[in-house]
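If you read the sequence shown in the numbering used here, its first letter stands for residue 148, the second for the next number, and so on.
No lab work stands behind these hints: they were computed from the structure.
Bear in mind that the values here come from a model prediction, so they are computed numbers and not experimental data.
For glycine and all other residues, C-beta sits at the position ideal for the given N, C-alpha and C.
Each hint should be verified, as a subset may be incorrect.
Calculated pairs, SDA-like style, for lysine to any residue (alpha carbon to alpha carbon, straight line, at most 20 Å) [as the list claims (entries may be wrong)]: (1) LYS161 - LEU444; (2) LYS161 - ALA193; (3) LYS202 - GLY168; (4) LYS202 - PRO169; (5) LYS202 - ALA253; (6) LYS161 - MET240; (7) LYS202 - GLN177; (8) LYS161 - ALA195; (9) LYS161 - ALA175; (10) LYS202 - ARG254; (11) LYS161 - GLY413; (12) LYS161 - VAL191; (13) LYS161 - GLY409; (14) LYS161 - ALA188; (15) LYS202 - ALA192; (16) LYS161 - PRO346; (17) LYS161 - MET173; (18) LYS202 - ARG178; (19) LYS202 - ARG176; (20) LYS161 - ALA184; (21) LYS202 - PRO249; (22) LYS161 - ALA235; (23) LYS161 - PRO187; (24) LYS161 - ASN199; (25) LYS202 - ALA175.
Computed Cβ-Cβ distance ranges for the label pairs, DEER-style [said to hold, decoys possible]: (26) ALA424 - ARG304: 24 to 30 Å; (27) THR160 - GLN372: 19 to 25 Å; (28) GLY301 - GLY186: 36 to 42 Å; (29) ARG213 - GLY459: 14 to 20 Å; (30) VAL399 - ALA196: 38 to 44 Å; (31) GLY459 - ALA380: 42 to 48 Å; (32) ALA243 - THR160: 15 to 21 Å; (33) GLY436 - GLY334: 35 to 41 Å.
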Amino acid sequence: MTVPVIGLDIGGTKLAAALFGPDGEMVARQRSASPAADGPAAVVAASAALVNQLKAAAARGPAVRRPAALGVATAGVVDPSAGVIRSAGDTIMDWAGVRIGPLLEARTGLPTAVENDVNAMALAEASRGAARGAESALVVAVGTGVGGALVLGGALRRGPTGTAGEIGHLPVDVAADGPAAALCGCGRPGHLEALVAGPAIARRYAALTGCRTRPSLEDVSRACQDGDETALAVIERAGTVLGRALGGLANVIDPEVIVLAGGVLGVGRPFLDPMTAALRAETLPGPAGVAVHLSELGQDAGVIGAAIAALGQVPGAPPATRPRPGQGPKETGR
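With the sequences and hints as input, model every part of the structure.
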């Protein structure tokens with residue numbers, strides 16, 4: 148990292164923050180439940196409390212200097228230059244329009260960088276994870292929603308409006324769902340997120356089995372492991388839909404590596420095998436060989452990426468996603 152920084156990951160269910168020393172190692176961390184349902188003021192207050200706890204820990208530790216900056220990873224389309232959430236789904240109530248950067252800077256006293264959560268994951272995976280050394284990568288998170296991020300030329304690509312990589316809003320074929328297809332988190336029907344995210348998988352299983360109470364993704368996964376044919380079919384379909392979308396994107400982007408993260412991947416081979424088969428079937432001969440890896444950083448990717456983003460607030464700090472000379476993408480998982 149070159150200087151001490153704090154990374155903060157703001158989610159719909161949890162808040163996580165970590166203090167990183169000048170060598171880039173995590174030296175302290177804090178977590179709490181997210182008050183996402185209580186609105187922006189509660190989220191900002193809880194987030195600032197975690198950061199200030201880490202600042203106090205840094206002051207007590209003789210080996211760690213005062214943090215130089217704060218980085219924030221959060222859901223929504225972010226304007227990094229202003230630290231503002233330009234648009235957002237319903238993960239955090241009334242999150243769109245919140246000036247999260249200036250608000251946290253005022254409460255913590257730290258220069259603050261704000262980044263989309265999957266963009267932050269991409270920063271982390273490109274710097275020290277499954278996309279380490281790759282000039283180009285597509286990072287995809289499949290959990291409560293579906294998000295994506297692009298690394299091109301060794302650097303994060305946000306696009307002119309900050310939406311580059313937002314694959315969850317890719318229109319896909321939903322003919323099998325009929326006219327009452329489920330809505331995406333953005334409010335439109337027919338998007339990838341409405342078919343392959345965890346709640347979408349659970350919703351389809353409930354509809355096909357007649358469940359009066361909607362099961363969780365974990366319920367569907369357990370049913371799948373027990374040999375429930377409906378659960379197997381629902382999960383296979385979701386994996387296939389995602390794989391076809393990734394195959395099409397690989398043809399357009401031609402990345403060196405695709406990195407997958409998120410809770411849906413915990414379903415395992417019943418989801419991953421059809422996804423991989425569909426991806427390979429949809430790609431042209433060149434992109435068909437793209438390396439596909441699972442995230443190496445797991446739940447820490449958000450805070451690590453946020454800490455990397457924080458370096459942008461520190462004069463003279465080097466870019467963290469540029470591959471080091473002589474490195475290429477890892478060959479495992481091809």
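Do the hints match the structure? See the list:
no., hint, in the structure
1, LYS161 - LEU444, "holds, 17 Å"
2, LYS161 - ALA193, "holds, 10 Å"
3, LYS202 - GLY168, "holds, 12 Å"
4, LYS202 - PRO169, "holds, 15 Å"
5, LYS202 - ALA253, "holds, 14 Å"
6, LYS161 - MET240, "holds, 14 Å"
7, LYS202 - GLN177, "holds, 11 Å"
8, LYS161 - ALA195, "holds, 14 Å"
9, LYS161 - ALA175, "holds, 17 Å"
10, LYS202 - ARG254, "holds, 12 Å"
11, LYS161 - GLY413, "holds, 19 Å"
12, LYS161 - VAL191, "holds, 13 Å"
13, LYS161 - GLY409, "holds, 14 Å"
14, LYS161 - ALA188, "holds, 16 Å"
15, LYS202 - ALA192, "holds, 15 Å"
16, LYS161 - PRO346, "holds, 18 Å"
17, LYS161 - MET173, "holds, 19 Å"
18, LYS202 - ARG178, "holds, 14 Å"
19, LYS202 - ARG176, "holds, 11 Å"
20, LYS161 - ALA184, "holds, 12 Å"
21, LYS202 - PRO249, "holds, 18 Å"
22, LYS161 - ALA235, "holds, 17 Å"
23, LYS161 - PRO187, "holds, 14 Å"
24, LYS161 - ASN199, "holds, 17 Å"
25, LYS202 - ALA175, "holds, 10 Å"
26, ALA424 - ARG304: 24 to 30 Å, "holds, 28 Å"
27, THR160 - GLN372: 19 to 25 Å, "holds, 24 Å"
28, GLY301 - GLY186: 36 to 42 Å, "holds, 38 Å"
29, ARG213 - GLY459: 14 to 20 Å, "holds, 18 Å"
30, VAL399 - ALA196: 38 to 44 Å, "holds, 43 Å"
31, GLY459 - ALA380: 42 to 48 Å, "holds, 46 Å"
32, ALA243 - THR160: 15 to 21 Å, "holds, 19 Å"
33, GLY436 - GLY334: 35 to 41 Å, "holds, 37 Å"
The structure meets every hint from the earlier list without exception.
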